[in-house]
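Chains W and U are the protein sequences, given in the same order. Using this note's numbering, the letters of the first sequence map in sequence onto residues 71 to 182. Using this note's numbering, the letters of the second sequence map in sequence onto residues 3 to 114.
By construction, these hints were calculated from the structure, which means they are not laboratory data. Since the model is a prediction, treat every value here as computed from it, not as a measurement. No residue lacks a Cβ here, since even glycine has one placed at the ideal position from N, Cα and C. A hint or two may mislead.
With the Cβ distance kept under 8 Å, some of the chain U side facing chain W (calculated, not the full set) [unchecked claim]: (1) G44; (2) L50; (3) I51; (4) S53; (5) S73; (6) A80; (7) A83; (8) T86; (9) F90; (10) R96; (11) N100; (12) F102.
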Amino acid sequence: NAGVTQTPKFQVLKTGQSMTLQCAQDMNHEYMSWYRQDPGMGLRLIHYSVGAGITDQGEVPNGYNVSRSTTEDFPLRLLSAAPSQTSVYFCASSYRGWETQYFGPGTRLLVL
Amino acid sequence: SQQGEEDPQALSIQEGENATMNCSYKTSINNLQWYRQNSGRGLVHLILIRSNEREKHSGRLRVTLDTSKKSSSLLITASRAADTASYFCATDARNTGNQFYFGTGTSLTVIP
Numbered sequence: 071n072a073g074v075t076q077t078p079k080f081q082v083l084k085t086g087q088s089m090t091l092q093c094a095q096d097m098n099h100e101y102m103s104w105y106r107q108d109p110g111m112g113l114r115l116i117h118y119s120v121g122a123g124i125t126d127q128g129e130v131p132n133g134y135n136v137s138r139s140t141t142e143d144f145p146l147r148l149l150s151a152a153p154s155q156t157s158v159y160f161c162a163s164s165y166r167g168w169e170t171q172y173f174g175p176g177t178r179l180l181v182l
Numbered sequence: 003s004q005q006g007e008e009d010p011q012a013l014s015i016q017e018g019e020n021a022t023m024n025c026s027y028k029t030s031i032n033n034l035q036w037y038r039q040n041s042g043r044g045l046v047h048l049i050l051i052r053s054n055e056r057e058k059h060s061g062r063l064r065v066t067l068d069t070s071k072k073s074s075s076l077l078i079t080a081s082r083a084a085d086t087a088s089y090f091c092a093t094d095a096r097n098t099g100n101q102f103y104f105g106t107g108t109s110l111t112v113i114p
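Using the sequences plus the hints, can you model the full thing?
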């Protein structure tokens, strides 16, 4: 099993550009979630999904969209990138509920 | 605002010594988890303790939970250089919607 994979590993954007961060898991997990981690801070929940077709907002959802059309994939879309979205983004999945979460390696995003 | 805070923010010990990290949180929880993050990597789940449990062990890890004080501690015994990492507590908050919160983290350095 590959676990949780994320692409790209690193991305530079200009203010106003849009992009999609990809996340996939091959463990048949129900829950998938996106976090951002800023320097010296813990992770903050952006959006999460409890199953295909069901998504909800986390603590810091503004500026981001998600969808979950399949169990495996949970892309995160930045609609119009802003410098404040410079961060490291982590995707995670768990079999059921907020139990043990498996994390991807992260995507470093720099918005100029 | 983040649910949890860890104390201390940074800890430096000699190999073989024990390391203790503390976590305080704000609202009632269903469970509390501890994660480890090596520099530049994704998080790895260490241990989960449920709100009706007071202590849990896993190898060299010992976690305690005091729901009356809304606090938890993580003890790593006989530390090794490979334990050098950041450690985060995370809570499945009850009564605040379906949310998951990470603490601010403790940076542990184990000196060989």
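Evaluation of the provided hints:
no. : hint : verdict
1   : G44  : 4 Å, holds
2   : L50  : 6 Å, holds
3   : I51  : 12 Å, violated
4   : S53  : 12 Å, violated
5   : S73  : 16 Å, violated
6   : A80  : 24 Å, violated
7   : A83  : 22 Å, violated
8   : T86  : 17 Å, violated
9   : F90  : 5 Å, holds
10  : R96  : 11 Å, violated
11  : N100 : 7 Å, holds
12  : F102 : 5 Å, holds
In terms of the numbered hints stated before, the structure departs from hints 3, 4, 5, 6, 7, 8 and 10, listed from lowest to highest.
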